[in-house]
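All chains should be modelled from the sequences, with the hints used to inform the complete structure.
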Amino acid sequence: MPELPEVETVVRSLAARLKDRRIVAASFTSRFVTPGNRKRLASILTGRTIRSIARRGKFIVMTLDQGTLVVHLGMTGKLLIDGVSTPHTHGVFTLDDGVLLYNDPRQFGRIEADSRRVQKLGPEPLEIGLEEFTKRLRSRKSHVKPLLLNQKFLAGLGNIYVDEALFGAGIHPLATASRLTAARAARLHQSIRDVLTLAIEHRGSSTSDYVDAHGQRGNFQILHRVYGREGEPCVNCGTPIRKIVAGGRGTHFCPKCQKR
DNA sequence: CTTAATGTTCCCCA
DNA sequence: TTGGGGAACATTAA
1 MPELPEVETV VRSLAARLKD RRIVAASFTS RFVTPGNRKR LASILTGRTI RSIARRGKFI
61 VMTLDQGTLV VHLGMTGKLL IDGVSTPHTH GVFTLDDGVL LYNDPRQFGR IEADSRRVQK
121 LGPEPLEIGL EEFTKRLRSR KSHVKPLLLN QKFLAGLGNI YVDEALFGAG IHPLATASRL
181 TAARAARLHQ SIRDVLTLAI EHRGSSTSDY VDAHGQRGNF QILHRVYGRE GEPCVNCGTP
241 IRKIVAGGRG THFCPKCQKR
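First residue of the first sequence: 1, per our numbering; consecutive thereafter.
Honestly, the hints are just simulated from the structure, not real lab data.
Where hints are given, some of them may not hold.
Derived PhoX-like pairs: lysine-lysine, alpha-carbon spacing no greater than 20 Å straight-line [unchecked claim]:
1) 152 / 141
2) 135 / 152
3) 259 / 243
4) 19 / 39
5) 256 / 243
6) 259 / 141
Right, dumping it as structure tokens:
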């Protein structure tokens, strides 16, 4: 479900309902989503008031009157306001007004009361300036696709938006980061901003089961230009979109428009 | 039955 | 230390 635009949409859809709500009870059932002492986590959160909710990279960060609640949605995590409990509900936050559920079939997500993982993140892609972005690219010899997936390099991009951003910039996913010209680095910087901004406007991509906190799907998937379009014609040149594996992930690109 | 899926982390090797 | 490849983690759908 979750890359930067999806997490941003979830945060926006949660904000008004969660601000100043008190957690009157919490319970957790997954040893993967909530590693360690689940009862202790529940007791830490019980009685706390949610002061604010924000996104950092792909993390949802709730600032409490005491401490912090950090949620990562993994691949299939959902936070649902007043949702219905299912066999995949692994977290229940009973609020003074309503209930917040955490559903996650694959259990790759995490619910934690500390922000150590958030502090290791690289810069926000919508905030970093061109100069700093170019400098960071130049210092890395890796292929550009796995580099953009690295959350320490840049926080928030995932498999869909890296493929879309590289297409927008005309850069091959296996291009070497340090060898990109200044002009191509600038195109990439702008392309990342454009694709993320547009995806947020369209409330994220629902390629399979992503929904926001009210169960509403996103619409950006219909505007994908390469992701999930293997064999279909490139929107620019008509060449069939190719799919390879890069950085261990399915990677979609136009072999004619994207140069190494 | 096999494969792939919006993610992260760890391990092995160069 | 950097970087690539693969596996692991759980589950579902094609």
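How the hints compare with the structure:
1. Restraint check for residue 152 and residue 141: the C-alpha separation of about 15 Å stays at or below 20 Å, so the hint holds.
2. For the hint pairing residue 135 with residue 152, the CA-to-CA distance comes to about 15 Å; that is within 20 Å, so the pair holds.
3. A distance of roughly 15 Å separates the Cα atoms of residue 259 and residue 243; the hinted pair therefore holds under the 20 Å criterion.
4. Taking the CA atoms of residue 19 and residue 39, the gap is about 24 Å. The hint is violated against a cut of 20 Å.
5. For the proposed pair residue 256 and residue 243, the alpha carbon gap of about 13 Å is at most 20 Å, so the pair holds.
6. Distance check on the hinted pair: residue 259 and residue 141 sit about 17 Å apart at the alpha-carbon level, within 20 Å; holds.
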